[in-house]
Amino acid sequence: MKYIDEFRDGAVAQTLAGKIAALARPQRNYSFMEFCGGHTHAISRYGLTDLLPPNVRMVHGPGCPVCVLPIGRIDMAIDLALNHGVILCSYGDTLRVPASNGLSLLKAKAQGGDIRMVYSTLDALQIARDNPQRNVVFFGIGFETTTPPTALAILQAVKENLQNFSVLCCHVLTPAAITQILESPEVRQWGTVPIDGFIGPAHVSTVIGSRPYEFFAEEYRKPVVIAGFEPLDVMQAILMLIAQVNDGRAEVENEFSRAVSRDGNQKAQDRVAEVFELRREFEWRGLSVVPYSALKIREKYGAFDAERRFNIDYQSVPDNKACECGAILRGVKRPQDCKIFGTVCTPENPIGSCMVSSEGACAAHYSYGRYKDMKPALKEEETRHE
Amino acid sequence: MSEVKRGYVRPLDLKHGRVDMTHGAGGRAMVQLIAELFAKHLGNAYLGQGNDGAVLPAPVLNGRPARLVMSTDCHVVSPLFFPGGDIGCLSVHGTLNDVAVMGAKPLYLAAGFILEEGFALGDLARIVESMARAARDAGVPVVTGDTKVVERGKGDGIFITTTGVGVLPDGVELGGARVRAGDAILVSGTLGDHGVAIMSQRENLSFDAVIQSDTAALHTLVADVLATGADVRCLRDPTRGGLASTLNEIATQSGVGMMLQEKAIPIQPVVAAACEFLGLDPLYVANEGKLIVICADADAPRVLAAMQAHPLGRQAALIGHAIEDAHHFVQLTTAFGGRRIVDWLAGEQLPRIC
Amino acid sequence: MCLALPVKVLQVGLGSDGQCALVDLGGIQKEISVELLDDVRVGDYVILHVGYALSKLDPEEAERTLALFSEMHAQTSVVA
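In order, the protein sequences belong to chains Z, P and S. Be aware that the first sequence starts at 1, since it is given in the working numbering, and climbs by one per residue. Be aware that the second sequence starts at 387, since it is given in the working numbering, and climbs by one per residue. Be aware that the third sequence starts at 741, since it is given in the working numbering, and climbs by one per residue.
For reference, chain Z alone in the conformation it holds in the complex:
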């Protein structure tokens, strides 16, 4: 596959590993947060941590929209399916997330809810066309990558006067989440965030461009390197971050130059601005309430807003007290530090947001890396901290 396979070359990985090891100063510890769930996945799936020196540590951030979606929002989707008789269309990722009353979207389907997995809003629109006598609601989740398709769907529904179509909008914003991490309580406690730099999201950046990150670099003096999705991209970005830290720079660099520009996709941004506006505040699972961090549908398009049409309200549902997701998402604790990791909280029975999606920090560690915690069983393995 072109533009994929070349960026996964194992031999080149060894070259990059060598460069990273050479550049990382032995007397210093480096801690970088990869914001994006896709990067977390790449690191786990390719075993990237095995190629990094022990003083370079990756911290998994909250860039997984499924992980940070509060239970209360899923409850709303389930309510629509079970109690309002709508056809609820959702991306595959959300179907298994446990919500209130022992339900998930998948379990609600078993109880008779008409819940359908779709690959794209285009599919949801078609379902609305095919079922004019039923209400069809699209469950819109995701960061800025996924928002333009939802905007287009609403505009298309307007064009076709598809009156039975509406959207439950739960789209969230990346820069707000990054701010939340940089402004966390630990900052006040320790005077600094224990993170030296960020690997910026790949595909969010194709839409919003690299410009929005300049604020973080300047204001918080933290380097940001936007990285492509493939493992070699991630390694190159780590190399560039180490270079910046060594030089004392705090700039925005773009490793994913083949797809990201400074301004991003203006057309996509315009469509989003046309259809959506900022919510004053929005609760994020694991990060609590964050101001101006999420979108809602503008009044102009209110007819296609499922919250207005069905008059449903968000009810906050707290996470389990033992759950350490908040600290893990901010990079101050690791999955292994959570008392219920791997015992009560597993991918089959996730308690908190980090375990819910396969890209959450806890899920990734459980699925791909937990054997490293179990030293006695594997004779030759030395400990590498994540």
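These are calculated hints, taken from the structure and not from any lab test. Backbone N, C-alpha and C fix where the C-beta goes; we use that ideal spot for every residue, glycine too. One thing to keep in mind: the hints can contain errors.
[As the list claims (entries may be wrong)] Coverage of chain Z stretches by chain P, computed from C-beta distances (three or more under 8 Å per stretch; other residues unrestricted):
id: 1; stretch: 6-15
id: 2; stretch: 45-59
[To be verified] Straight-line alpha carbon distances no greater than 25 Å define the calculated DSS-like cross-link-like pairs of lysine-lysine that follow:
id: 3; chain 1: Z; residue 1: K333; chain 2: Z; residue 2: K321
id: 4; chain 1: Z; residue 1: K267; chain 2: S; residue 2: K770
id: 5; chain 1: Z; residue 1: K107; chain 2: P; residue 2: K540
[Claimed, not checked] Counterexamples of contact, computed for chain P against chain Z with all Cβ distances above 12 Å:
id: 6; residue: G393
id: 7; residue: V417
id: 8; residue: Y432
id: 9; residue: F467
id: 10; residue: G539
id: 11; residue: F545
id: 12; residue: A691
id: 13; residue: L698
Based on the hints, put chains P and S in the right spot on chain Z.
Coordinates of chains P and S only, in the frame set by chain Z:
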């Protein structure tokens, strides 16, 4: 006295006809369905006995009664017809394979059909013909069967249950609990073909690709593997849940770990692309015509050669080894050089957006 | 962040409003929307996410990035 002439019986309308409730009622309509459809295609001496049960000779080996292997499988695949096969041949191959991986030579099959009212007779004929062809090619007759009809809305078109019986040669002892650290793990060919072929037909995920299901009867491949005289510990065909699930089962049963080499695992490039598209891991995608062989490491070369000499094993490969591991992890050395676990599947794999 | 792939454009101007394109990834073909981009041509590579093309891939930049990986010594900054 005038002769009572048999009335004219109109043949089944395979073009436009549909299954209705009379076909399952045990009367003339059902008799006709069996005669013109099932018996016509599946026909053999046993089925021809026309009784409630088939009378079979007990297998004898070296003058003594042989050990029997019996297996049963239910088939609910949707869509019913997919690139490379259909529910008919799938149901024959699936049960033959379950018998074969025990090391047994399959002898007889039984088939049960649950039909939904309204199911097109033309489709039923296609399915039964496909089953008959698969059974004939394998040299294993369907000796007995049953048909029922359920009301419209109470069945997904057609469900098929097949049961197979085979005879186990002396000295063959295969099982998931017999694997030891150091054993070689081999696979007969490319992984993920069937699952992706099915997915490509489902609405909302459809794309154009030439991926065919790999559904096939593996018993002659198994026979060739066993004929090498190698010390084979375990054979299995990785179906739902893919290679990863099957290896995890065996690892737990035997109390060992496993270390696989990602570069050695055969996957068709177009299947890999389809999995990228959908966000699936090919190690967890279903197969219907692949064999996993675990044998003593010293015997791996000749087992590999035997598989590669067989039409269904041309791309057979050695993909890893069993290792000592109290945690029974199945691990993978990635093409990238790092390591990861290939864990049990948590529920069904669903296509992802992120 | 989200699962997005570089795909090659085989045909343009499809769909009822001409805003769809047929793309290919390693032999898999799918019809997707290119409404979020202007001037998509046959032979272009685009980044595909949930049925929509989000940006074009610049082949020269791709080559440059690959060359960067393989250099013997660490490269200094590439400012956005």
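Evaluation of the provided hints:
1. Closer than 8 Å: that is the beta-carbon criterion, and the stretch 6-15 of chain Z has 4 residues meeting it against chain P, so the requirement of 3 holds.
2. Three residues within the 8 Å Cβ limit are the bar, and the stretch 45-59 of chain Z against chain P gives 7, so the coverage statement holds.
3. Taking the CA atoms of K333 of chain Z and K321 of chain Z, the gap is about 16 Å. The hint holds against a cut of 25 Å.
4. Straight-line distance between C-alpha atoms of K267 of chain Z and K770 of chain S comes to about 23 Å, which keeps the hinted pair within the 25 Å bound.
5. Of the supplied pair hints, the one linking K107 of chain Z and K540 of chain P holds, its CA atoms being roughly 21 Å apart against a limit of 25 Å.
6. Even its closest Cβ contact with chain Z, about 46 Å, leaves G393 of chain P beyond 12 Å, as expected for a residue assigned away from the interface.
7. At roughly 39 Å, the least C-beta separation between V417 of chain P and chain Z is larger than 12 Å, which holds for a residue marked as non-interface.
8. Distance to chain Z confirms Y432 of chain P as a non-interface residue, since its nearest Cβ pair spans about 41 Å, more than 12 Å.
9. At roughly 22 Å from the closest C-beta of chain Z, the C-beta of F467 of chain P stays outside 12 Å, upholding its exclusion from the interface.
10. Interface exclusion of G539 of chain P from chain Z stands, the closest Cβ pair being 14 Å apart, more than 12 Å.
11. Every beta carbon of chain Z lies more than 12 Å from that of F545 of chain P, the smallest distance being close to 19 Å; the non-interface claim holds.
12. The claim that A691 of chain P is not at the interface with chain Z holds, since no C-beta of that chain comes within 12 Å of its own (minimum 28 Å).
13. The Cβ of L698 of chain P sits about 27 Å from the closest Cβ of chain Z, beyond the 12 Å cut-off, so the non-interface label holds.
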